[in-house]
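Colleague: Chains as they are written, first to last, in my numbering: chain L, 949 to 1395; chain C, 5 to 483.
Among the hints, erroneous ones may be present.
Listing some non-contacts, in silico: residues in chain C with all C-beta distances to chain L over 12 Å [to be verified]:
# : residue
1 : Ala239
2 : Arg258
3 : Ile456
Just some of the chain C residues that point at chain L, by a computed CB distance under 8 Å [claimed, not checked]:
# : residue
4 : Leu102
5 : Ser234
6 : Lys238
Keeping only pairs whose Cα atoms sit at most 20 Å apart, straight-line, the calculated PhoX-like set for lysine-lysine is [said to hold, decoys possible]:
# : chain 1 : residue 1 : chain 2 : residue 2
7 : L       : Lys1125   : C       : Lys159
8 : L       : Lys1125   : C       : Lys210
9 : C       : Lys391    : C       : Lys458
In short, the hints are calculated from the structure, not lab data.
We put the beta carbon where it would ideally sit given N, CA and C, even for glycine.
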Amino acid sequence: MNYLPHTGAEIKEMLEVVGAESVEELFCDIPHGVRLYDDLSLPGPLSEFEIQELMQSLSRQNRPDGENGFFLGAGAYRHFIPAAVDSIISRGEFFTAYTPYQAEASQGTLQAIFEFQTAVSGLTGLDVANASLYDGASSLAEAAQMAVMAKGKKLIMVSEGVHPEYLQTLKTYLAGKDYLVEMIPLNEGLTDLDQVKDRFPEAAAVAVQNPNFFGCLEDLSAIFNVTKEKGALGIAVISDPVTLGFLRSPGESGCDVAVGEGQPLGLPMSFGGPGFGFVAARAEHTRRLPGRIVGRTADKDGRVAYCLTLQTREQHIRREKAASNICTNQALAALAATVYLSLMGPYGLRKAAELSARLAHLAAHRICDIPGFSLLFDRPFFHEFAVRCPKDPAVLNGKLRDYGIAGGLPLKRFYPAMEDAMLFTLTECNRPEEIDRLASALREITA
Amino acid sequence: MDEKTIFELSRPGTPEIQMPEHDVPEMILDEVIPEKFIAPLPPPMPEVSELDVIRHFTRLSNKNFNVDANFYPLGSCTMKYNPRVGEWASRLHGFAGLHPYAGYENSQGALKLMEELSEDLCEITGMDGFTLQPAAGAHGELTALLITRAWFKDKGEDRDIILVPDTSHGTNPASAAMAGFNIRQVKSDGYGNIDIGDLKSKLDDKVACLMLTNPSTLGLFETGIEKVESLVHKAGGLLYYDGANLNALMGKSRPGDMGFDLVHLNLHKTFATPHGGGGPGSGPVGALGPLVDYLPGDELVDEDGLTVMKPRTRSIGRVRSFYGNFGVLVKAYVYIRGLGAEGLVRASECAVLSANYLATRLKEAFDLPFKRRCMHEFVLSASRQKKLGVSAMDIAKRILDFGFHAPTVYFPLIVPEALMIEPTETENKQTMDAFCEALLAIAREVEENPEIVKSAPHNTPVSRVDEAGAARKLMLCGI
Chain L
949 MNYLPHTGAE IKEMLEVVGA ESVEELFCDI PHGVRLYDDL SLPGPLSEFE IQELMQSLSR
1009 QNRPDGENGF FLGAGAYRHF IPAAVDSIIS RGEFFTAYTP YQAEASQGTL QAIFEFQTAV
1069 SGLTGLDVAN ASLYDGASSL AEAAQMAVMA KGKKLIMVSE GVHPEYLQTL KTYLAGKDYL
1129 VEMIPLNEGL TDLDQVKDRF PEAAAVAVQN PNFFGCLEDL SAIFNVTKEK GALGIAVISD
1189 PVTLGFLRSP GESGCDVAVG EGQPLGLPMS FGGPGFGFVA ARAEHTRRLP GRIVGRTADK
1249 DGRVAYCLTL QTREQHIRRE KAASNICTNQ ALAALAATVY LSLMGPYGLR KAAELSARLA
1309 HLAAHRICDI PGFSLLFDRP FFHEFAVRCP KDPAVLNGKL RDYGIAGGLP LKRFYPAMED
1369 AMLFTLTECN RPEEIDRLAS ALREITA
Chain C
5 MDEKTIFELS RPGTPEIQMP EHDVPEMILD EVIPEKFIAP LPPPMPEVSE LDVIRHFTRL
65 SNKNFNVDAN FYPLGSCTMK YNPRVGEWAS RLHGFAGLHP YAGYENSQGA LKLMEELSED
125 LCEITGMDGF TLQPAAGAHG ELTALLITRA WFKDKGEDRD IILVPDTSHG TNPASAAMAG
185 FNIRQVKSDG YGNIDIGDLK SKLDDKVACL MLTNPSTLGL FETGIEKVES LVHKAGGLLY
245 YDGANLNALM GKSRPGDMGF DLVHLNLHKT FATPHGGGGP GSGPVGALGP LVDYLPGDEL
305 VDEDGLTVMK PRTRSIGRVR SFYGNFGVLV KAYVYIRGLG AEGLVRASEC AVLSANYLAT
365 RLKEAFDLPF KRRCMHEFVL SASRQKKLGV SAMDIAKRIL DFGFHAPTVY FPLIVPEALM
425 IEPTETENKQ TMDAFCEALL AIAREVEENP EIVKSAPHNT PVSRVDEAGA ARKLMLCGI
């Protein structure tokens, strides 16, 4: 492939203008000691034809689906994506633009971000949202820093029901500072504040995921009542925002800040990225929000216009005093979510959420009918649930593959003690027949 | 014309999107999910038809400048053409449909791609190992600084200072602060290099690392790099390479050979993946020698014919979920395979030639503060124009009227009224000539008719936007 436009004659002309004999001469400032005189050792170059062959071949070495059933989730979700989403984000006008620093040349991107912020505020039931962050995990880390700024305390308390990769990310982020992360244990699958209540006076924040990593529904209102009373920032973590089509919003449940992962809103799983992170908060925390924020204003002729605002929080102005170091975020993925939410509308989103939950309850019922299988936690759940299995879940998954079924997530990947547990996920993309096939396969395998 | 928001376009009762009618009992949810968890009403999303959505976002898209339609010489951002075959490849179902926990045996294509891409980046930069996790450049900086912190902690050395040149990107000090460090700024000398005397005076046993962009944000190669390297290492510090400007150097010089211990790259700059209006990007971090063990995420290795993930012994832990912006990695891989070694070198050569060509043509009308060969970008100063009452910002806005995106303005901070111009290798000479004509015409306007420049832009979807007003009277949500 070659994307260089110049003819030999043009290169010569340009060299003449520049006053150089050769292109090589332009690199004269690189000292000999650090010049590379050997060729790089890389495969290629390949023609586009060959590239297409190569990529087809590599992509076929992946087996993304269970053609007879798919039950994986745990932070990355296979939800329905209307075709119009990709059609819009495939427009070069959107995907080949830069961060909208020049407002007059970027009104499309800016208004789309404003609409994204509006959608995230609406979903989370909070006053303000930013233009997106990297992903759900780093969003939790950003929210923790907001909490420390807001409360002047350094202890972040995190429920054990938060996605383990989010927790690992939080710990990595905070390792640089003298902040403390302490876990809030679960009692039968639900966050148990009683066990840690002595620690509340020191806590800057309490973070709880809903539905939690094991699929259980947390009583957010009760939890955030306690945080409010104790003066800690209540952070809600949402790993699948499609559930907000049906569940009470975190804002309505009393949280101060909500963060989460946006991939389920119109983006393919793509081996874990790109999705996007979101953060929304009550108005009093607006100036502590990390990253880009778009505001509505006017141009000098009084027309409605949009621009990046509150930039004095940001690194390019404040440098080491910025609220966060984030610069590039996940704008195109946030655009995809805005288009998705517009296409789904309130009722489409509610239906997708409801259908996911109904199918999950049907599946749980069918699986737990099989001898040796039972729910790990006897709690209300939404579209994910953990099941105790009579055989090693990893072995079960291997056998399910022979039936063309992608099973759930063996929980020992993150919790060595849960060696017999598997997390199943259902969405509106599952068919009832998949559940039949899963149940009969599990029955045969464990008979 | 004003475009209403998608929320303002909502018409309650618009027929909704359909979902499959499965034979699943309808009422079951009310029995199994307590009412307190259920929202009485669905979230306040717009009610619009698919055509409403398509038309609205198509109209919005028409209000954007973009590489597909406009020359975009935004310095330090490397707005090169984004090959469509990368877009195509990232959407192949085998990649896009893959779940991150699908398991090794079902993800061999993806894992091989990531393994090969890491190896390629090692070869291009001269580093020993890479993590592909970081989602953007600043994320990569934070990652590398957290590694720096862990490294000195293990060595039992208490070093809490990061040095950054006065030309550095704002993300450098911001990332350092986020990793818990304090900042010392190092001055530039009259040639645009690091002032060696000032560097010496700032180096001591508290300095953990010097963060350096090379070529610098002035578009100049740090000619004293060998001296800088030996001074920093002698003082016991590490050297960090901000890869924002690697597009000048592919196949010409490697950060690893310059003595950098850690690097981050911006795949969305150098390796032609699109910027998306502000992401998703990708900011892989490379390390040399024993620092490789500290990288986030697992190492990809071959085992019995399979590519598998092996935990790194001293990893600082993960910096995000899963493995990074995989879809972006696919595009960068396609680009590197397509160009090969010779294509990458030619890309850097053309990027540098184009920048020197523009600098030469424009230096009559604008001040060029550093009279050296530039690399892939250069910085002009509009101080001459400022004396006539026209600022760099005014000039940037006026450039939009000619159909070109503006250069980066007011950066780097050490150049007054800075205009930072990066043409990239994919722009043809006709386009660059037209851009020069426009800038030269604007320089004449400044002398003859400054009002037209000061009141610009005139041909964009909106006129000069009231940014101060936006911050004064905040409106951040449309419902």
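Colleague: Now tell me if each hint is right for this structure.
Modeller: Hint by hint, here is what the structure shows:
1. Ala239: holds, 20 Å
2. Arg258: violated, 6 Å
3. Ile456: holds, 14 Å
4. Leu102: holds, 4 Å
5. Ser234: Because about 11 Å separates C/Ser234 from the closest Cβ in chain L, which is outside the 8 Å limit, the hint is violated.
6. Lys238: violated, 17 Å
7. L/Lys1125 - C/Lys159: holds, 18 Å
8. L/Lys1125 - C/Lys210: Distance ~17 Å between L/Lys1125 and C/Lys210 Cα, so the pair holds.
9. C/Lys391 - C/Lys458: Given that 20 Å is the threshold and the Cα spacing comes to 13 Å, the pair holds.
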